[in-house]
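Residue numbers (the working numbering), protein chains in the order written: chain A, 1 to 252; chain B, 1 to 353; chain C, 1 to 183.
Calculated directly from the structure, the hints in this document are not laboratory data. The C-beta atom is built at its ideal place from N, Cα and C for all residues, glycine as well. There's no promise every hint is true.
What the hints assert, rightly or not - DSS-like, lysine-lysine: derived pairs with alpha carbons at most 27 Å apart:
1) C:Lys3 - B:Lys274
2) C:Lys20 - C:Lys80
3) B:Lys45 - C:Lys20
4) C:Lys20 - B:Lys41
5) B:Lys299 - B:Lys274
6) C:Lys3 - B:Lys3
7) A:Lys202 - B:Lys316
8) A:Lys201 - B:Lys126
9) A:Lys9 - B:Lys192
10) C:Lys3 - C:Lys80
11) C:Lys168 - C:Lys138
12) B:Lys3 - C:Lys20
13) B:Lys204 - A:Lys9
14) A:Lys201 - B:Lys45
15) B:Lys3 - B:Lys41
To be verified - Just some of the chain C residues that point at chain B, by a computed CB distance under 8 Å:
16) Lys24
17) Tyr39
18) Leu63
19) Val152
Unchecked claim - From chain B, some residues computed to sit far from chain A (all C-beta separations above 10 Å):
20) Thr33
21) Ala127
22) Ser221
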Amino acid sequence: MSVVFDRPKALNDVLMHYCPGCTHGIVHRLVAEAIDELGVEDRTVGIAPVGCAVFAYNYFACDMIEAAHGRAPAVATGVKRTHPDLVVFTYQGDGDLAAIGTAETVHSATRGENITVIFINNCIYGMTGGQMAPTTLPGQVTTTTPYGRTPKIQGNPVRICEMLSTLDGVAYAARVSVDTPANVRTAKKAILKGFRNQIEKKGFSIIEVLSSCPTNWGLSPVEALAWLRENMIPYYPLGTYKDIDAVGGDAK
Amino acid sequence: MAKVLMKGNEAIAEAAIASGCLYYFGYPITPQTEISEYMAKRMPKVGGLCLQAESEIAAINMVLGASASGTRAMTSSSSPGISLKSEGISYLVGSDLPAVVVNVQRGGPGLGGIQPSQADYYQATKAYGHGDMHLIVLAPSTVQEMASLTGEAFDLADIYRTPVIILADGAIGQMMEPVDFSERRRREIPPKTWATCGHGGGRKHNIVNSLLMNPEDLENSIRDRFERYRKIEAEEVRYEEYMTEDADIVVVAFGIAARVCKSAVAAVRAEGIKAGLLRPITLWPFPSARILELADTAKAFLSVELSMGQMVSDVKLACECRRPVEFYGRTGGVIPAPGDVARKLAEMAREQM
Amino acid sequence: MTKNILIAGFGGQGVLFAGKALAKMAMHSDLHVTWLPSYGPEMRGGAANCSVVISNEEIGSPLVPNPDILIALNRPSFDKFGPCVRSGGAIFADSSMIDERSDRTDIDAYYIPASRMAADNSLSGLANVIVLGYLLAKTSLFDYDAFLADLVSGIPASRAALVEGNTKALRLGYEYGCCGHEE
Chain A
1 MSVVFDRPKA LNDVLMHYCP GCTHGIVHRL VAEAIDELGV EDRTVGIAPV
51 GCAVFAYNYF ACDMIEAAHG RAPAVATGVK RTHPDLVVFT YQGDGDLAAI
101 GTAETVHSAT RGENITVIFI NNCIYGMTGG QMAPTTLPGQ VTTTTPYGRT
151 PKIQGNPVRI CEMLSTLDGV AYAARVSVDT PANVRTAKKA ILKGFRNQIE
201 KKGFSIIEVL SSCPTNWGLS PVEALAWLRE NMIPYYPLGT YKDIDAVGGD
251 AK
Chain B
1 MAKVLMKGNE AIAEAAIASG CLYYFGYPIT PQTEISEYMA KRMPKVGGLC
51 LQAESEIAAI NMVLGASASG TRAMTSSSSP GISLKSEGIS YLVGSDLPAV
101 VVNVQRGGPG LGGIQPSQAD YYQATKAYGH GDMHLIVLAP STVQEMASLT
151 GEAFDLADIY RTPVIILADG AIGQMMEPVD FSERRRREIP PKTWATCGHG
201 GGRKHNIVNS LLMNPEDLEN SIRDRFERYR KIEAEEVRYE EYMTEDADIV
251 VVAFGIAARV CKSAVAAVRA EGIKAGLLRP ITLWPFPSAR ILELADTAKA
301 FLSVELSMGQ MVSDVKLACE CRRPVEFYGR TGGVIPAPGD VARKLAEMAR
351 EQM
Chain C
1 MTKNILIAGF GGQGVLFAGK ALAKMAMHSD LHVTWLPSYG PEMRGGAANC
51 SVVISNEEIG SPLVPNPDIL IALNRPSFDK FGPCVRSGGA IFADSSMIDE
101 RSDRTDIDAY YIPASRMAAD NSLSGLANVI VLGYLLAKTS LFDYDAFLAD
151 LVSGIPASRA ALVEGNTKAL RLGYEYGCCG HEE
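I would like the entire structure built from these sequences, with the hints used as guidance.
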């Protein structure tokens with residue numbers, strides 16, 4: 001009997017704490033598959049964020065560091081600069097990467113740190129129970145925007161891939177989604193490319209993954225994926241925003 | 001090796017490199033910027049790296065990453081910048097990571113000033129970050145000590161898996177004195193089996209982490225860390241004494257203030273006042289036991305600081321109310337002259353008669 | 001024996017360099033020495049000063065509130081620090097920058113038109129070294145030949161041209177002190 005589906009080796013055989021329908025599990029799997037396919041688990045160090053993915057250090061089988069909120073890219077810089085042959089990735093949510101850690105994100109990107117950043121954008125703060133994220137959409141109701149996000153009051157959302165694609169140090173910036181099997185396959189390719197770029201010493205790669213949060217959005221898992229498609233993708237268009245391998249240096 | 005005339009800040013940088021620290025992450029701030037500049041010049045020549053971070057917050061977290069992966073690394077700043085590093089320092093403690101952090105103190109609070117100060121004593125010895133924690137705090141008072149204590153700091157950090165603070169001040173940082181880099185005690189460093197540098201297929205994955213959700217687990221980990229603190233208190237207290245054997249008044253001072261006091265003690269001795277100086281070299285652990293012993297023979301203590309009086313509370317605790325403890329200090333960047341301290345000593349001597 | 005020296009002037013007059021030259025000579029003479037600069041933004045074109053303590057004993061305070069020797073290279077420094085000189089001490093003043101004379105009788109005051117001498121001899125920026133030469137002539141702080149050798153030994157090979165200028169400047173100041181030119 002042939003095995004057609006199994007747990008990637010780079011994921012530990014432990015129970016994950018994610019809510020039903022949460023897409024973190026899918027993205028963890030894609031990252032682990034990329035590590036397996038590249039055969040680099042033994043020399044990979046992952047940096048976990050503060051947020052829902054805080055326990056990622058238990059799930060990935062490679063060496064892991066738990067960083068302070070937003071500081072993962074700085075920690076990754078410290079690891080990578082002292083051990084250039086390691087494969088170093090951060091796994092961060094929208095509050096971690098695009099609010100409290102914006103400076104660390106932007107500056108590690110513009111320095112061209114040769115690391116891979118996995119950015120989970122689900123438009124909400126999940127771990128603390130559904131507050132506004134820097135990526136929360138205009139009009140979106142959260143516990144801290146109970147009347148809907150009003151840009152004149154709470155400001156506008158931030159589009160990270162668009163912003164980072166303007167920086168010279170960025171080798172690759174792509175926004176993907178995990179709402180359909182086809183999009184999951186595209187996401188996998190982007191994540192794999194992000195890791196391969198690092199091994200080939202090309203510079204900073206960021207893969208922004210549009211994700212769902214059924215629990216805090218107050219939707220069923222299926223409804224949540226539909227909400228992602230209908231609301232998030234129009235505001236955060238999918239695609240490759242920068243790719244130094246592409247003709248002319250970028251894409252889109 | 002011949003002595004070289006060097007600024008205290010430069011001596012720290014050179015000593016760090018000599019101690020095998022090949023990675024420096026920092027952000028410029030007066031009066032410690034010479035450390036960054038020296039590192040920027042020297043590191044490329046010794047195969048190391050000096051990286052100017054976007055902030056003190058990023059710099060301390062770069063140190064955390066380097067340290068987690070088993071590498072000696074350091075950062076430095078001055079008071080306002082150290083406040084920004086306090087988050088990272090707490091994470092270093094919680095993750096049991098070695099690191100050397102230099103604070104070349106200036107006046108505060110807020111932007112304060114840029115002249116020498118010792119007003120970060122409480123911050124350094126009581127609360128460099130949130131949570132139950134201590135740090136080893138070393139207080140150099142000469143340029144030679146800026147060098148030798150930097151070397152010691154790296155060893156202590158690795159042995160006890162803790163950040164070590166070098167609490168200097170703008171005067172010692174900016175001052176030049178002859179320094180000899182051959183004077184260096186090296187200690188045995190345990191292997192860093194905990195480092196996250198790739199498991200290499202040979203072991204289970206290492207995790208560097210400060211998060212423990214179960215209260216009992218967190219309590220146990222803190223208790224373990226405090227066991228190490230007890231060992232540090234038992235074995236690593238350091239201080240210097242000057243004319244304390246027969247002293248009626250024992251001055252307690254560290255860093256630049258201790259030098260001023262040494263001159264003052266010498267001056268009042270010539271006038272027949274029996275003063276002495278105890279200079280803590282480790283501010284944590286504090287030489288409390290020695291101060292209590294001195295309370296047997298001394299009639300009074302005087303804490304002299306470049307602040308409104310912070311260490312004085314530790315001196316009071318140490319001598320267990322057995323002797324009066326007075327305070328003299330200047331703050332905001334003002335350094336008292338030896339004559340100012342001598343006058344205070346003369347006043348205390350008169351009161352004792 | 002402890003000598004407390006304060007050197008003061010404008011930023012750019014070589015105040016810190018003069019202090020370093022004295023400090024290096026002291027170190028090479030196996031004496032204890034401290035060199036403490038004023039630092040910070042005021043260094044950029046404003047007032048600059050540095051304190052040098054030289055002693056055959058370990059040095060306590062590196063601060064020099066009451067110098068044994070004051071080297072004043074401008075009028076504000078002369079006015080500010082002149083009254084602080086320890087009784088029995090000495091002032092060395094660049095008289096081409098300072099039109100005032102000290103009225104103190106308990107100290108020695110020496111005047112040398114160092115800036116003018118530097119300009120007259122194409123020794124731009126070396127008035128500080130001229131004053132050091134003068135200081136060597138008037139005190140027993142260091143031997144002139146030893147000081148000269150130490151001064152030029154610190155100049156890197158890439159800037160060999162500076163050797164000649166510094167040598168000339170030190171000698172000018174020294175001879176001015178020895179030959180009784182002064183006021």
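Determine which of the earlier numbered hints do not hold for this structure and return their numbers in increasing order. Going through the list in order, the structure violates hints 7, 8 and 19 and respects the others.
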